[in-house]
Amino acid sequence: MSDHNGKAAVRTEDVWKIYPQEPEPVEAVRGLTVEIATGDFAAMAGPSGSGKTTVLNLLGGLTRPTRGKIWVGGQDISELDDRDLARLRLEHIGFVFQAYNLLPVLSALENAEFTLLLRGVPGEERRARVKELFDQIGLEGLEDRKPSRLSGGQQQRVAVVRAVVGRPALVLADEPTANLDSVSSDALLDVMERLNRDLGTTFVFSTHDPRVMNRARRLIRLVDGRIERDERQGDSPSTP
Amino acid sequence: MKIKALLLLALRSVGRNTRRSALTAAAMALGLALLIFSRALADGGHEQWIDSAVRLGTGHVAIQAPEYLETGRLEHRLDASQVARVDSALQDVAVEPYIKTWAPRVTVTGLASSAASALPVRIEGVDPEREKIFSTLPDQLTEGEYLQPGDRLHAFIGSDLAERLNLKVGDRFVLTGQTASGDVEGQLMRVSGIFHTGIPEMDERLVHVPLETVRRWLGVPGAVTSVAVLLTSSRETDRVVRTLRAELDHTKGIRVLGWREASPELDSGVRIDDYGDYVFHTILFAIIALAILNAIMMSVLGRKREFGILQALGLTGAETGWVVLGEGLFLTIASGVAGMILGLIVTWGFFRHGIDFSSFSSEGWSASGGIINPVIVPVFRVGQLVLSVVSILVIGTLASLYPAFRASKLDVAEAMKFEQ
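Sequence order for the protein chains is U and H.
Residue numbering for the first sequence follows my numbering, starting at -10 and increasing by one per position.
Residue numbering for the second sequence follows my numbering, starting at 21 and increasing by one per position.
Source of the hints: derived by calculation from the structure; they are not laboratory data.
A few of these clues could be false.
Claimed, not checked - In silico DSSO-like links for lysine-lysine, alpha-carbon gap of 30 angstroms or less:
#, chain 1, residue 1, chain 2, residue 2
1, U, K135, H, K188
2, U, K135, H, K22
3, U, K135, U, K120
4, H, K188, H, K152
5, H, K188, U, K120
6, H, K152, U, K135
What the hints assert, rightly or not - To list a few chain U residues with every Cβ distance to chain H over 10 angstroms, as calculated:
#, residue
7, E2
8, T55
9, D71
10, A75
11, L79
12, N90
13, V94
14, E99
15, L106
16, G109
17, R116
18, R118
19, G130
20, D163
21, M202
22, R210
As the list claims (entries may be wrong) - Distance ranges between label pairs, derived from CB positions:
#, chain 1, residue 1, chain 2, residue 2, range
23, H, R40, U, E114, 30 to 38 angstroms
24, H, Y422, U, Q222, 49 to 57 angstroms
25, H, M318, U, I7, 56 to 64 angstroms
Even for Gly, the Cβ is constructed at its ideal location relative to N, Cα and C.
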């Protein structure tokens, strides 16, 4: 899955997510069928409650679909048990969340190298890989700082490094700029674009930030758990 | 490597809320220190209690004729040849290091009478030299002196008996008892000393007289009704009893009893006291467990989102649970080490010479027929120390299990909604 050779990084087929609630079940995602190519830089946009975060959770195996199938790098993750899902996340998926992304008891460096530590990468290699990315995105000198001593933008950049340092096939970013000012947001998007371009990592965002939508090469608009519009930026919009 | 990451997280998490961790650790450490101290004190108290009781009674080990414990009659005695075998057995290298001393005794019931009155008494023929080492009775002297080697017609009597018979040191009185042949014979005695133990049964009923005098008077030359053996520690009782039984069992007419069998009321007293200690320790354990449970639960409930992130990064639910369990274990181990050191310092450093409880009672301290020294010296037993520490570790582990289980069963998607 880590070879970015043009096949789908993630694909879903008629995926539903229904939460059993009183008085009526909530259909958070309704018949989602989508394919995101390896190396893409795609955003899922939509109003609150449109199902953006649920879709990201489904793609990342954090929650299971009520029905339908999801393939990540060609593997049907609907069939995987919890242990295999955890391994899939560790080895093939990176996450960036909108806030409180980092583990507060670890330093910036330790947070960034955490997934590599879990994967058993030797210490020297871990540090070298993190340091290279830190230098690229302006985090040099902040390695030993705890998250509480980093700004929101710096924290998000550490989270991005953590998400990509293991060279996953797919990075899922849930409203990564939601808590950032415009300067920090642009800087963070620059970083992610560069990593997408240089490493070929597939990025899928959930967002309602126009800056993210404008930068995405593909924009998928969700309304009430369905894809309302799926368009290539600059291309003519396609309707599913 | 995952283990390294889990341990790192667990260890760091202990230090996350320093005040909470320190308070929890302090509660646990103090609990363990209190446990070690109270256990050492209880063991010291028991050892002293047993020691006092057996010194005034049957010894840690009593060697008698098989029927004597039930009948207490002179006809159920060990003859001279049996006594010689017992002497030889007690000098065996397998038991000799554990024996402090032993005392041959002829004990019968009889009557003490003076011009003033007559009272039933327990007459104990003793070897004065051995008895001075063995028994604490000579130390309870209030007037006169204890029996001396070579004494023949001297008697050491209790203060209540002296008062009831209106006897003073130097006064004469008559002891009457049944001889081996079944006749009732009297023996004129002179009061050499008076003791006061504070135990009415002893002060009113016990009379020590020279062993040889009793043997001659009752017609049982060289015989004893019991050989009382005093050991270096009550803990050696089972070992010595086992060895002596193996050596003497083939000799018919000799029975070897440990103090628990020979003094069932003392055994019951110690057991009841032990149960009281267990109840106290159970309450202590419960408090410690609740302290850990509370600290870890508070920590877990406030970190749902963090656990969600851990699982998003690739930990399984079980591994997330291990982080929480590890946190509890680190806290428990640190508290266990601190508590053990504190317990040893408090117990050994400050109270190694004992704690004087005499101010709690103006009367003497007695229980189960023994006079207890009010200065209780704590006794350390490696087994008890290990048990206390292991118990704390087990309690810490058990108390961490539920929070760990909660963390492992987290719904990750739900947890990610949780604002910290």
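Unmet hints by their number, sorted upward, for this structure: 1, 5, 6, 9, 10, 11, 12, 13, 14, 15, 16, 20 and 25
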